[in-house]
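Order-wise, the sequence lines are chains A and B.
Residue numbers are given in the working numbering: position 63 of the first sequence equals residue 209, and the series is strictly consecutive.
Residue numbers are given in the working numbering: position 99 of the second sequence equals residue 151, and the series is strictly consecutive.
Calculated from the structure, these hints are not laboratory results.
A few of these clues could be false.
To give an idea of the chain B side of the interface with chain A (calculated C-beta under 10 angstroms), a few residues [said to hold, decoys possible]:
1. 58
2. 68
3. 90
4. 197
5. 264
Where chain A lies over chain B, by a calculated footprint (3+ residues, C-beta under 8 angstroms) [claimed, not checked]:
6. 59 to 65
7. 70 to 80
Glycine included, C-beta positions come from ideal geometry on N, C-alpha and C.
Residue-level listing of the chains:
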Amino acid sequence: MYRDLVEAAQRGDQDAFVDLVRLQGDRLYAVAHRILRDADRAEDALQDALVIAWRDLPTLRDLDRFEAWMHRVLTHVCIGHATRERGRIAQLRVLPIEGPAAPDELLSVVDRDELDRAFRRLRPEERAILVLHHFVGYRLSDIADLLGLPAGTIRSRLHHAHRAMRAALDAEARTAVGGSSA
Amino acid sequence: MNERSDIDRLLGHWLDDGPSTMPDHVVHVVTFRIARQRQRSASRLDWRRYTWIPTFKLVATMVAVAVVAVIGYNLVPRGSNAIIGGQPTASPSTPSPTATPSVEVIGECVDPVSKCRGALAAGTYGSREFGAALTYAVPSGWVNNIDRFRAFGLGSDEGYIGLMTGPFVVGWADSDCPGYAPAGAGSTATEVVASLSRDPRLLIAPAQVLSIGDRTAEVLDIQIAPSWTGTCISSEGLPAVNVLSTTGDRSGPGFGLAGTERTRAIFLDVGETVVAINIGISDANADFESFVAEAMTIIESMRFGP
Chain A
147 MYRDLVEAAQ
157 RGDQDAFVDL
167 VRLQGDRLYA
177 VAHRILRDAD
187 RAEDALQDAL
197 VIAWRDLPTL
207 RDLDRFEAWM
217 HRVLTHVCIG
227 HATRERGRIA
237 QLRVLPIEGP
247 AAPDELLSVV
257 DRDELDRAFR
267 RLRPEERAIL
277 VLHHFVGYRL
287 SDIADLLGLP
297 AGTIRSRLHH
307 AHRAMRAALD
317 AEARTAVGGS
327 SA
Chain B
53 MNERSDIDRL
63 LGHWLDDGPS
73 TMPDHVVHVV
83 TFRIARQRQR
93 SASRLDWRRY
103 TWIPTFKLVA
113 TMVAVAVVAV
123 IGYNLVPRGS
133 NAIIGGQPTA
143 SPSTPSPTAT
153 PSVEVIGECV
163 DPVSKCRGAL
173 AAGTYGSREF
183 GAALTYAVPS
193 GWVNNIDRFR
203 AFGLGSDEGY
213 IGLMTGPFVV
223 GWADSDCPGY
233 APAGAGSTAT
243 EVVASLSRDP
253 RLLIAPAQVL
263 SIGDRTAEVL
273 DIQIAPSWTG
283 TCISSEGLPA
293 VNVLSTTGDR
303 SGPGFGLAGT
313 ERTRAIFLDV
323 GETVVAINIG
333 ISDANADFES
343 FVAEAMTIIE
353 SMRFGP
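Isolated chain A, as found in the complex (with noise of 0.2 angstroms):
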């Protein structure tokens, strides 16, 4: 799609990548913060792999997998940022939202609180499995291309993924239930 562009910047044409950024910037951060969940942690780590994106970019052979790339580069720089981070993260409490639940036709506050504190127990490979195929739509073996894994182990974890957030709606819904016959 910004074919030109790629192939300008991988001739070392800054104001090319600087385009490329603009342009596709806010789909990076967007995903980033999603693995991430943190808005500063976001920023950064797409700084770091837009950087690292320009520094790699001559070795992009395929030019019309530039995205697929970027997000490949993004997605390792989120899972290395996120491990990093994630044995402080674990020991911080989430607090309670107080406050009436907003309403919601899909989710409760109370259910995106449950949805958010599963979300961060998860390995950070997994964080970014799931980003990847319900936020960006890559489809597994699309994810297991980017994350240099096999199918079958990007397939395992999606799915332990999916039980852990499961269970933690299932958990939250159960709570409400019994605080509601108390």
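Following the hints, complete the assembly by docking chain B onto the known chain A.
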């Protein structure tokens, strides 16, 4: 609805809800960082030999934009996001269909809209597009990476020599470095030197005189004054000065400094215009003085057309 499609739908809904706009300053920071990050060489290319004219990154943007306008290509300025006195526009701009004119790009010439020669064997060469009709002699290891009407560049592994033609403006203003008031720098080399010497943001040694062929040039060694603390967004907290530009905004060539960067700037009258030459290192490990000494032998070999 089965359990799988239910969780698919919930997760999709949950993930869709969140920020989807990259903060504006990411572009500035990335622009600053990639100007200092060399690209890896691929087997089919060797990018290590490349460098751009600018020190403080913005010039690369400017060169890419300005010359195109000067030569008359109908190009939407890429990376240009501010005008003097105006509000910065954050919306991305893309090249028009005419943004990639058919020009000769040879060897390792890095500038896609240019007639630069790329890697140079030791010898004497002439510019192809540069308005001041330049000839110059280089040893091996140098690259001609820009050759446009108002900008010309030579680079080595360690640094660069950038040339641009006047008229000039002291500084430039844009969304990256807001709040400055660009001012005309005069129409002769002596006037430009005087304008820069009055800039309180800069620490400049008294001008030296240099002969380049039968022309007399004035030489300034420039760095940021210790008292200057102003920053630009992309300078990541370092003091920054947008030293000289051709248009007062990002739409033309120019150069700037950040942190402890130094540059040697040389000015000479050529016909009705002024040629500005600036020397800087692009490799943080390079020795500035040694590189300047090497660059000066090339500059002293330069001759300009009538």
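Do at least three Cβ atoms from the stretch 59 to 65 of chain B come closer than 8 angstroms to Cβ atoms of chain A?
It holds, with 7 qualifying residues against the three required.
Answer holds if the nearest beta-carbon of chain A is closer than 10 angstroms to that of residue 68 of chain B; otherwise answer violated.
-> holds, 7 angstroms
inquiry  = Let's test the interface hint: is any C-beta of chain A closer than 10 angstroms to that of residue 58 of chain B?
reply    = holds, 8 angstroms
Satisfaction of the residue 197 of chain B interface hint, Cβ to chain A closer than 10 angstroms
At 8 angstroms from the nearest chain A Cβ, residue 197 of chain B passes the 10 angstroms test, so the hint holds.
Next item in the hint list is residue 264 of chain B. Is there a CB on chain A closer than 10 angstroms to its CB? violated, 29 angstroms
- Query: Within the assertion that chain A covers the stretch 70 to 80 of chain B, do at least three residues meet a Cβ-to-Cβ distance smaller than 8 angstroms?
  - Reply: holds (count 8)
*Is the interface hint for residue 90 of chain B satisfied, with its Cβ closer than 10 angstroms to some Cβ of chain A?*
holds, 7 angstroms
The structure fails to meet hint 5 from the earlier list, while all remaining hints are met.
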